[in-house]
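Let the hints inform the model, and build the full structure from the sequences given.
Chains as they are written, first to last, in this note's numbering: chain P, 1 to 349; chain S, 1 to 297.
I should point out that these hints are in silico values taken from the structure, not numbers from a laboratory. Just so it is clear, the structure is predicted and the values come from calculations on it, not from any experiment. A virtual CB, placed ideally from N, CA and C, is assigned to each residue, including glycine. Check before you lean on any hint, since a few could be wrong.
Claimed, not checked - Ranges between beta-carbon positions, derived for each pair:
1) G286(P) - G125(S): 36 to 42 angstroms
2) R88(S) - G32(P): 23 to 29 angstroms
3) I66(S) - L14(P): 56 to 62 angstroms
4) R209(P) - A77(S): 42 to 48 angstroms
5) V273(P) - A77(S): 48 to 54 angstroms
6) N155(P) - R80(S): 40 to 46 angstroms
7) R88(S) - P109(P): 21 to 27 angstroms
8) A284(P) - F282(S): 48 to 54 angstroms
Stated by the list, open to error - What the simulated footprint calls covered on chain P by chain S, stretch by stretch (three residues with Cβ under 8 angstroms from a Cβ of chain S suffice, anywhere in the stretch; the number is not a length):
9) 65-75
10) 128-134
11) 179-193
12) 249-258
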Amino acid sequence: MSGAPIEVVRWSGLSIASAGVAIALIVALAAGPLFLGANAIDKLTTLFIYVILAVTWNALAGYGGLVSIGQQAFFGLGAYGAVRLADAGISVYPALVVGAVLVGLVALPISSFMLRLKAGEFAIGMWVVAALAHLLVNLDTLVRGETGTSLIALNAYAAEARHALTYWMALGAMVALIGILFALLRSPLGAAIQAIRDNEEAAAAVGVRVMRTKRIIFVLAAFGVALAGALWLATTVTFQPKTYFSVQWTAYMIFMVLVGGLGTFEGPILGAVLFFAIEAWFGAAGVWYLVGLGAAALLFALFLPKGLWGWADQRLGLRLLPVGRWLKIDGADLLATPEATEPADRSSG
Amino acid sequence: MIWINQIIQGVLLGGYYALIACGLSFMFSVMGIINIAHGSLAILAAFALFVLADQFGMSPFLALVIVVPAMAALGWALQRLVLERSARAGALVPILSTFGLAIVIDNLLFEQFGADTRSLAPYIGSFSYDSWSLTDDIDIGQLSMLIFAAAVILLGGLQLFLSRTPLGRAIRATAEDPDTVGLVGINARRVNATAAAIAMATVGLAGAALAMRATFDPYAGAPQLIFAFEAAVIGGAGSLWGTLIGGIVLGVAQNLGAQINPQGFFIAGHGVFLIILFARLFWGDRGAWFLKPLRRA
Chain P
1 MSGAPIEVVR WSGLSIASAG VAIALIVALA AGPLFLGANA IDKLTTLFIY
51 VILAVTWNAL AGYGGLVSIG QQAFFGLGAY GAVRLADAGI SVYPALVVGA
101 VLVGLVALPI SSFMLRLKAG EFAIGMWVVA ALAHLLVNLD TLVRGETGTS
151 LIALNAYAAE ARHALTYWMA LGAMVALIGI LFALLRSPLG AAIQAIRDNE
201 EAAAAVGVRV MRTKRIIFVL AAFGVALAGA LWLATTVTFQ PKTYFSVQWT
251 AYMIFMVLVG GLGTFEGPIL GAVLFFAIEA WFGAAGVWYL VGLGAAALLF
301 ALFLPKGLWG WADQRLGLRL LPVGRWLKID GADLLATPEA TEPADRSSG
Chain S
1 MIWINQIIQG VLLGGYYALI ACGLSFMFSV MGIINIAHGS LAILAAFALF
51 VLADQFGMSP FLALVIVVPA MAALGWALQR LVLERSARAG ALVPILSTFG
101 LAIVIDNLLF EQFGADTRSL APYIGSFSYD SWSLTDDIDI GQLSMLIFAA
151 AVILLGGLQL FLSRTPLGRA IRATAEDPDT VGLVGINARR VNATAAAIAM
201 ATVGLAGAAL AMRATFDPYA GAPQLIFAFE AAVIGGAGSL WGTLIGGIVL
251 GVAQNLGAQI NPQGFFIAGH GVFLIILFAR LFWGDRGAWF LKPLRRA
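Put into structure tokens, the structure is as follows:
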């Protein structure tokens, strides 16, 4: 492929190799329950759920430019949907997925007016939606207010089988969502959504269908978070509305994405792994741990808005799972300049 | 009769919402920033008043003499250290940085004061429950009336300040075009820091009002932010008086909701906010900001 003096590249040797490693890792993880202990399985399930939260929030904020402080609405509704469907007699594991799909459908009408709000208005507006969703779920007698309820149907499974099933489902959900986002961001829609983030009026002017594009990413993020909420319910069994509709979930998402790298594809995955490790080490520190999370989010927002991955990417040109394109002129990479790291996507629009 | 009472109490509650929303919409209209830490800062002021009253035996009203200027200084520092840098990085960064700040404030307060709910009511004697009886069913609390009056005076004062004083004109000019004002000798950075100081001073007053009329705890900041935001958006007519109307609509809706169902207080509040938002989207200007920048103050 050295013939053309100027070529547009999507894959490099490094990114092909890293995609191969990622696939090998997924296969190894899929075999996890065969050789890992119950504790490790539970921990990894938690990690997968964190990754889902991080990548979906990043899709919304980092690519779509939609900072929501109300994603806990969908997290709680996903768990509530599973409780409701299981109560109606639907088999429990399918109920987790069906519930998340229903939440995605609920997100559709919500999107049609929340997406007209801008920046901070959208952020807090979503928080209001979450508060209202929490109150309405509390009205359901099945939930018994803040006392909550449990996903009793899970008791039909032996403990070991339940942990393994939840693990596989969390792994599958994580891989599927990352795969969907990867394909989506590499498609023309990915270029459109980033164009909207960078300048909505200009994007509309060149023919991007702003509302439809935003809506796709909003509903997908809502579905992903709802699935994460349902999976969280499968690991903890109890459903207390206060826990699920807590803004702390969004705080975790923001922390993971800001530290890992807002608007980078690999960053949020790194952020989720870091958050998982930090929680394991410092979670016991209670309040100071939360102060630390808040302070880290504040400092990253101010001084390193592209996070650790963005910082490394600018220096090293690491692109393990590339969603963009870049130019090679006479075989020489143009990645060294920071400007060349994200943008060239426009060409596919 | 009970409904009339609920409406009257709702209007008075609206005074408090106007008080807390005032700083939020003022800051937005000048700098285009929605400060997510707004509610947490009001709770910080409430705790500062609580410490002065509890540890040093000061009257909460006297303690305001210390807390309001301290909040103003904090506003100045907030603008210089956090908001200015965030705003330069784009529209999304201020949301993220002030959200991080809110988490820090909430949890530091929790670390210091624990989960107990507090109130300043015990420190203001019978004033917290003294009232005037209009009829057998309708009492007007003196404290609620004072808070309502404070909101009206504050909003009116801010309005006069913006329209009649040189600094007010400089703030309006900076809100209009922060780059161009430099040409006519206005230091936009200083003007913005002053505006942030004014906004935080009003947050100090709002924190005092909340602490005297109700209870608060370290995590009470988030609902205050939401109420302030709802009042500001419902009012959102570009003038500060809109904020008072927004607060009253919110307060009345909540009190009527509470009359229907025990959980109705919050549901009706959020509901009326979303309905008004919805109505504006389909009959008003689509896709525009709902909090309006200052134009004709």
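How the hints compare with the structure:
1. G286(P) - G125(S): 36 to 42 angstroms: Since the Cβ atoms of G286(P) and G125(S) sit about 37 angstroms apart, the hinted range of 36 to 42 angstroms holds.
2. R88(S) - G32(P): 23 to 29 angstroms: This hint is violated: roughly 46 angstroms between Cβ atoms.
3. I66(S) - L14(P): 56 to 62 angstroms: holds, 60 angstroms
4. R209(P) - A77(S): 42 to 48 angstroms: Holds, since R209(P) and A77(S) (Cβ atoms, about 44 angstroms apart) stay within the stated range.
5. V273(P) - A77(S): 48 to 54 angstroms: Between V273(P) and A77(S), where Cβ atoms are some 35 angstroms apart, the hint is violated.
6. N155(P) - R80(S): 40 to 46 angstroms: violated, 57 angstroms
7. R88(S) - P109(P): 21 to 27 angstroms: Violated: the Cβ-Cβ distance is about 36 angstroms, outside 21 to 27 angstroms.
8. A284(P) - F282(S): 48 to 54 angstroms: Given a distance of about 50 angstroms, which is inside 48 to 54 angstroms, the answer is holds.
9. 65-75: holds (count 3)
10. 128-134: n = 4 at 8 angstroms, threshold three: holds.
11. 179-193: With 0 residues close enough to chain S, the hint is violated.
12. 249-258: Holds, because 3 residues of the stretch 249-258 of chain P bring their Cβ atoms closer than 8 angstroms to Cβ atoms of chain S.
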